[in-house]
Structures are given as C-alpha cells and as structure tokens.
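Got chain G sorted already, so can you dock chain C onto it with the hints?
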Amino acid sequence: MLAKSTASAYGGRPALQDPAWLRWTLIGTALAFLALFVALPLLTVFIEALHRGFGAYFAALVEPDALSAMWLTLLVAGIAVPLNLVFGILSAWAITKFEFLGKSFLITLIDLPFSVSPVISGMVYVLLFGLHGWFGPWLRAHDLQIVFAVPGLVLATIFVTFPFVARELIPLMQSQGIEEEEAAASLGATGWQIFWRITLPNIRWALLYGVLLCNARAMGEFGAVSVVSGHVRGLTNTMPLHVEILYNEYNFVAAFAVASLLALLALVTLAVKSVVEWRWGEDISGRRDQG
Amino acid sequence: MAINISGISKRFGAFLALDKVDLHIQSGELLALLGPSGSGKTTLLRILGGLDRACGGTITFFGEAALGLTPRDRQVGFVFQHYSLFRHMTVRDNVAFGLDVRPRRDRLPRAVISERVARLLELVQLAPLADRYPAQLSGGQRQRVALARALAIEPKVLLLDEPFGALDAKVRKELRRWLRRLHDEMNITSIFVTHDQEEALEVADRVVVMNNGRIEQVGAPGEVYDHPASPFVYDFLGNVNRFECIISDGTAKIVSIGLTMPAIGAEPGPALAFVRPHDIELIRLDAATGDAGGGGVACARVRHIHAIGPTARIELDIEGHRFEAVMDQDRLRCLGVRAGDWCGVRLTRPRLFSSNSAALIQE
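Residue numbers (my numbering), protein chains in the order written: chain G, 1 to 291; chain C, 292 to 654.
Everything labelled a hint here was simulated from the structure, so no lab data went into it. Quantities reported herein were computed from a predicted structural model and do not represent experimental measurements. Careful, some of the hints might be misleading.
Stated by the list, open to error - Some residues of chain C that are not near chain G, with every Cβ distance over 10 Å (derived):
1) Val403
2) Glu514
3) Asp619
Said to hold, decoys possible - Pulled a few chain G residues facing chain C out of the computed Cβ check, cut under 7 Å:
4) Glu182
5) Ala185
6) Gly188
7) Gln193
Every residue gets a Cβ at the ideal spot worked out from N, C-alpha and C, and that includes glycine.
Isolated chain G (complex conformation) (with noise of 0.2 Å):
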C-alpha cells in the first residue's frame, strides 16, 4: 500500500516500481528473519519463565540471591552510568569545543571498548588490580580489594560502557559549534553558567539518549563482568551473571524468570528511546534549524 502510493508520487515510474511478488518477499524475509531471531527468543523468555505459574515466578525473584543480584545490577549501573555521564560530556566537550594536540587519538580511544571483547577488558582489570596483578601487592598492604568485588565489577562497567554518551554527544556537539558559548561569554557568562544555560539545554536529548543506552548496557553487561566477579553468590553476582549460574543448575523457571526482568528492562529502555527520538528526533541529530 505505502509502496506503492509512493511510487505514484514519483508519476508512477517503471524504474521505482518493483514488481508485487518481489516486494513481498523481500518484506516477508524480513519479517521472518526477525520473527525467528528476535520476537521468537523473547517470547521463548516469558513462557519459561511463567510455564509454571505466577507462583514460581515470584519466588524466583524474591529469593534472597535473586534480589542481592537485583540490587549490585542496580549498585553498579548506578555508580556507572553516573560517572560514565560526566565522563562523556567532558571528553565531548574537549573534542568539540577545543583544539589540542592527540585529539584524533582521544576519539580512538573512545571508540576502544566498542572494538575489544568483554572479556579481554576484564581481563585487563584482573591483571592490573587483582592479587598478582600490578597493583595488586600495594592493594592489599591498604587492605583493598577491587577484584572480586564490587569496585571491580564499576570499574570493568564503566570500561564497557564508556563510548555510550560521548558517540552520542560529539557528531551533535560538532554540528552546533562554539558560536553559541561565545556570544553568551560575549554577554559575560561565565564558563559554568555557559555549560548550564547554553550548552547543557542544547544537548539534554541527546544525552539521555546516550545514558539510556549505556544503562541498558551497565545493566546487561556479561563478559567483562563474568571475568572480575568471581562468581560470589549474593555478594559479586550481577543478573546477568545469576541467570547464568542458576542456568548451569537447570533451575529453568528461576533463571528465565530473572532473565525476563533484564527483557522487561530492554523493553522499556527500547520504548523511551523510540519516544525520545520521536519527539526530539531533530534536536539529537542537530538537524533543527540552526539559531
């Protein structure tokens, strides 16, 4: 239908006009591939987690490892996203705002988490804070610990997610320029009062839109978390690293019933996102019409 009344705003061209049999598969392709790979396994989550009634569901996520997980997945998007929030505004604002020496190389390093396995990242943490690892002697003369522990799973946290909200900011930061900041230095802000009125407003979609996803993926985050937990039922274990765990013990109600909270969460997180970019589209992108 869409197809093809916009082929009749084009004067009905032969060249945009695919045949019907050709339209249809390909949408029906798509339909499917997405039909089998993601609504399938979603759904797959919920009957498991509810195939045996509303009762073992609940206790499943009232049991009391189940809700010390909850709580550290929460402990640590909490300091996470935070932290990786100031983290982005100020690397953006750097990048965008000033001219220096290593720029290039400072967005390089932005991008790193996005390109080196989970894994490999907390493995770095392990090697760097755990009990042989560099810093690990000075740690424990302080009587520190990082690894296996809650400071390690912020830390290996904060590594994963820490291009979220800067990707975001920089391409909109860039398209708006300094032409704002300096005609309200020029009205004699000052540079806090500036970051405030001028460029935090100009921003604010973009960046919830960047925490939203980086705390979609503080909440969800596996690998690198697995790797400096050390699996400590009800004290280090993450949710995603409980569903695990309780997965490995065939304790399938349990474990698709916590993992059915982490689908909830994408969810929700996936339904804001939409508004956000609904409503604020033009202003993420910067593509509203320039002041």
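Just chain C now, with coordinates in the frame of chain G:
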C-alpha cells in the same frame, strides 16, 4: 579616545592574520573594517571582543588596558555574523540573557530587567515576537534580536561581525540604514566588519581598509574613495582602470594607449596609473580630419555601451587594450557616440603609484 590599538599581531600556525596593527578609534564613532576575506578584519574584531587572544601588542579601552580583561569586564556587545542566538530560548530570554547572568550583587531586579528587555524589543521593532523562538524568525528579525541582545548589557563598545552578510540585498539595505539611525540616536562607539565596500562607504563615519593583516588606509568614506593611498585600496574600492606606465624626464607614458601625463620630479621607472571610469573624458573626433585637436588625447574605439539607469558604461578599446568610462546618459546623447564609433579619450584625474614600492607618486 575610546579605543587604542597598538602593535596587535595574531598568528594562526604559519599564517600571519594580523601584522602589528595600530588603530585609534574615537568615542562615539561608527567605524567600518573593510577588506577581502583573509585580510584580518574579523580577527581584529574578535580580539577586541575578547574572543581571540592577540600574540602581541596592546589595546586600551577608555584608557584602561583591555587584553587581560574577560569579555564581561570589557563591557563589549558583540553581534555575530550568523546571529548565534540561543536556539532553546525565546526572543525575550535571548535579550535578557546578558542581564540574567550577572553576578548576584550586580544583577538588576527582575522587574527592571523585563522592563529594559521590553524597551529594547520595542527599539528593534520586535515586541510582538517576544515569545517566538529563533527558528521561527526571518534572517533580518534574527539579526535585530542579536543586536538587541548585545545592547541589553549597555555596552561601551558595540562590535558587529559582517552584520548584514547573510541577508538578501533588499533587507540588507534597509537594515544598514536603520543601524546608522540607531547609532546616531544611541551614540555607542561601534565597529563593524564588512567585505562590502558600498556598505562601508554608506554607513561608516570612517573606513579602515585592511589587506593581508595590515591596515592600508584609514579615512572618511569620501576621502578613502577619492584619494586611495595605495594600489590595493584603488582596486578594492569601486571600479578603476589600471594602466602600466613608464616615468622618464618628468613625464609618465602609458605605452599601451599612447598617452602621456606630467610626473614632475618623479623617480624614473615603472609605475601604475589609476583612473576612475568617471574620470575618463570622451571627446568627439572631428569627422573630417580624424584629429582630436590637442595633446593628451588618444583615439579609442567604442566597443560596447551599457546604458541602464541614469549613467552609461562605455567599453573602450585602444589597440586591444580595453578600459571603461562612465558618464551621464544625457551627456552621452549630446556626444552622439555609438558602439563601433571612434572617439577621443582624455584622462582627467589619473593617480600614479610607483610599481616597486606602491607609494603614491602624484595625484
């Protein structure tokens, strides 16, 4: 003296944007910085506004050293070429910004701020649009908001960077006349940058012509136009015919068109003669003899006549060397010269510059 600029230099990497510029700006005057792109005019303006740092030299504002001061302490209003309005604020909030961000001890009461903003919006004729966002305004309206915003902080000096550069021709003319009237009413020392000679000559009290990071000439519009101090200023301001000539024995000879003119006491050597199109006089040749009747007259072929409006532009040709004359339509009609005719040509006010040093030899 409002502003004293002495020895200001600015370097961007290997590029010398300003080369030891000296300039004195009178209190209350409207000054134009005129030059081609890359001449350093915007850089100078940004240094005055505290948006760029100078590499050397000093600037004083009303006797006070200004280079160490922040933009806030300089009390300078800056109007940007692309307006740079705050896109997430209404027109009213844009204008109020400079007053809102003052430190608490200097900040005016809310009622005073909104009263002043209302007055400024009245002044720039935008009061009905106070609650609009910049994206909902036309280019000319945005520029007036930018001006009101800069004026809100009651600056001692107003700096405008290509204020009409991004507007279409008609709005541009209206707005620059309006700016001139506004300046006459408010009398703030104002400096604006432009690459448009017509704009500079029409609006400014004095024009500063810049080229390659240096000031070529400073003067009132008429003075700069009628007595350019260098070949560059001649070329840049208005149309001009340029002839290469050779000086020997107190006369300059334009070899290409076979004319000579006196150059008493001038050093022998190559020189450049500049003649404005309206300083070229056409003389009807005696039809019978083909004689122009007197010295200093050359024979030229009329190639083309562009006659639009009150003046006519006449393309002339002497042995393949083309140049241009301008005269009233009425005078041309009296002369009766048409395209393809021959006529006599006299250079009434040539100015000679030395080819080597670009120094003025003779008016």
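Handout entry: Those earlier numbered hints the structure runs against, lowest number first
Key = Per hint list: zero violations.
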